[in-house]
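Participant: Spelled out from the first residue to the last, the chains are:
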Amino acid sequence: MVRTVISALVIVLWCIAPFYWMIVTAFRDVGFTYDTTPWPTHVTLANFETAFSTALGNHLGQAMLNSLFIGATVTVVALLFGISAAYALARLEFKGKGIISGAILAASMFPGVALITPLFQLFTNIGWMGTYQALIIPSISFALPLTVYTLTSFLREMPWDLEEAARIDGCTRVQAFRRVIMPLAAPAVFTTAILAFISSWNEYLISSQLSSDATQPVTVAIAGFAGSQPHVEPYTAIMAAGTIVTVPLVILVLIFQRRIVAGLTAGGVKG
Amino acid sequence: MSAVTEVPSKLSPPPGRAGGRKRGGLNEAHGRWASYLITPSLVILGVVIGYPVVSAIIMSFQKDAGLDKATGLFVAGGFAGFSNYAHWLLQQCVSTTGVTSACPPGNLGAQFWNAFGTTFFFTAVTVVLETVIGMWMALIMNRAFRGRGLVRAAILVPWAIPTAVTAKLWYFIFAFNGILNSVLGAKILWTSDEWAAKFAIIIADTWKTTPFMALLILAGLQLIPEEVYEAGVMDGASTVQRFFQLTLPLVRPALMVAILFRVLDALRMFDLPQILTGGGGGTGNATTTLSILVVDQIRQGFNSASALSTITFLVIFIVAFLFVRFLGANVVQTQANQQKGVLK
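Protein chains in written order, with this note's numbering: chain E, 46 to 316; chain D, 739 to 1082.
Treat the hints loosely; a few may be bogus.
[To be verified] Partial list, derived from the structure: chain E residues whose beta carbon lies under 10 Å from chain D: (1) G215; (2) I243; (3) L294.
[As the list claims (entries may be wrong)] Now the in silico label distances, taken between C-beta atoms and shown as ranges: (4) D/G819 to E/V75: 54 to 62 Å; (5) E/T217 to D/G819: 28 to 36 Å; (6) E/Q302 to D/R990: 25 to 33 Å; (7) D/P778 to E/I213: 45 to 53 Å; (8) D/A882 to E/G76: 46 to 54 Å.
Keep in mind that the hints were calculated from the coordinates and are not lab data.
Where is the CB? At the ideal position from N, CA and C, for every residue including glycine.
So here's chain E without its partners, still in its complex pose (with noise of 0.2 Å):
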């Protein structure tokens, strides 16, 4: 029991202290970045200051409304077209449902890499280059996949005796699934919801190299934070963004503890 203990402590210092050593940073006086004090000292706001800051060609503000925007987008088209296939594939029987299962599952483990350069091109040939189309529409090459997949999951564990019932009294199809499967499945879709939009959040690999300053997401402002100082990595203001971004997903994550990780397990989605 006691070691047991000791264990759990021992991994929940492992998964916190880095993300509290970017917290204490983060309010942390810039002339006193290495600083080894383990609890906050010389606290200040200046380095959320310089982090929103843009005279020096940095756009985290800019970039967090961009994130928004694509992840918001992208979630929905991923939702829109999403929900009809994943009702179909843990509801309806019929021909070919485990190849396309499976070539669902395959693309939602596709390498972005293999994208990256024929839309490189594309985008370059009709203009599109650092538009936001360039950059939602890969995202939901991955986004789609993770949706069906996870979405199917969750389905099939649906009571759909109700359904059945539904429609005995009456009700047609869709009626049956709007009146009544849907409020039922509403929180596992917005499981999904939150899953597909964090995964267009932490996307880097495309972004970093089809989005412009204008366009840019986090990810991309933040790997490319630029100090006063060339060589000088401006580290405490780098923490400042990283909290910034960090946190609120942090705390939508442990809100949703238990979907999310009934939704991770059940999709097997990307880390």
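We have chain E already, so just place chain D on it with the hints.
Facilitator: Below, chain D alone, put in the same frame as chain E:
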């Protein structure tokens, strides 16, 4: 809980048992509905994945357009045969006059096998570490103790942080004057020394993805009925015996699927090395993975880059195939069986 999906068909109801709903003529109606409902998604995937893949393959058989050094004229390319593939696999460069020779040092083509080796090295080491540590974490979380909820919450933190932020966070931890060197009392050049840079990537990746592994394994562990262990205890099996003879075989299907997902993910590793070390370290490319090499190549010629991305894709595909074929990580089959089982 829907975690059941990934998991061993052994433990879920046998396929096709649940009877009732299947009636004559229903399948046809189902098929029509299914085609209406699924086609839009398939069309979209065809456009956003199918089109780029096919066009990458076509592009990989064409010559890169460029300036002919002899004449100073712009040459449009044309059919290249397998020369773009030979460029990577055999380090052959074709000059604009059509002469094939070994690539000069510094040419990206010369980095292929290095990147290939680095990618597999990262994959092997990170997946082994993540599996062992993930298994340990899952076993701990599967026990009943006060504060288990806290552990399960904490474990989601690394997962929730975007990889790009993770990379910057560890970049700071690994800084020369950073906390890690201070704690160790060392002066290690974590992002530029060859092996230190490799291990910096491995450490950061392990931190970021072990929780995901632990959660997938935990989902498998939770399906093992308590009675199995009770029987084991009664038969006098030691803790170690119970782990190797009961837990491991029973959790194996879930474990294999988790490992497959991680391997496929690790083989395309990009964000972490790109941001943490820029693919550098040692003499300059100690942490360049195949994905980084593709991105480096894009601006130097789409067709060579297409050949490389096609090679990378094939490598990942072959590894996935071998996994499913020989190690029993049969995701699709498990999935299909379960669908049959659940569908009434």
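Participant: The structure should be examined with respect to each hint, and the outcome stated for every one.
Facilitator: Cross-check of the supplied hints:
no. : hint                         : result
1   : G215                         : 18 Å, violated
2   : I243                         : 7 Å, holds
3   : L294                         : 5 Å, holds
4   : D/G819 to E/V75: 54 to 62 Å  : 57 Å, holds
5   : E/T217 to D/G819: 28 to 36 Å : 58 Å, violated
6   : E/Q302 to D/R990: 25 to 33 Å : 27 Å, holds
7   : D/P778 to E/I213: 45 to 53 Å : 29 Å, violated
8   : D/A882 to E/G76: 46 to 54 Å  : 48 Å, holds
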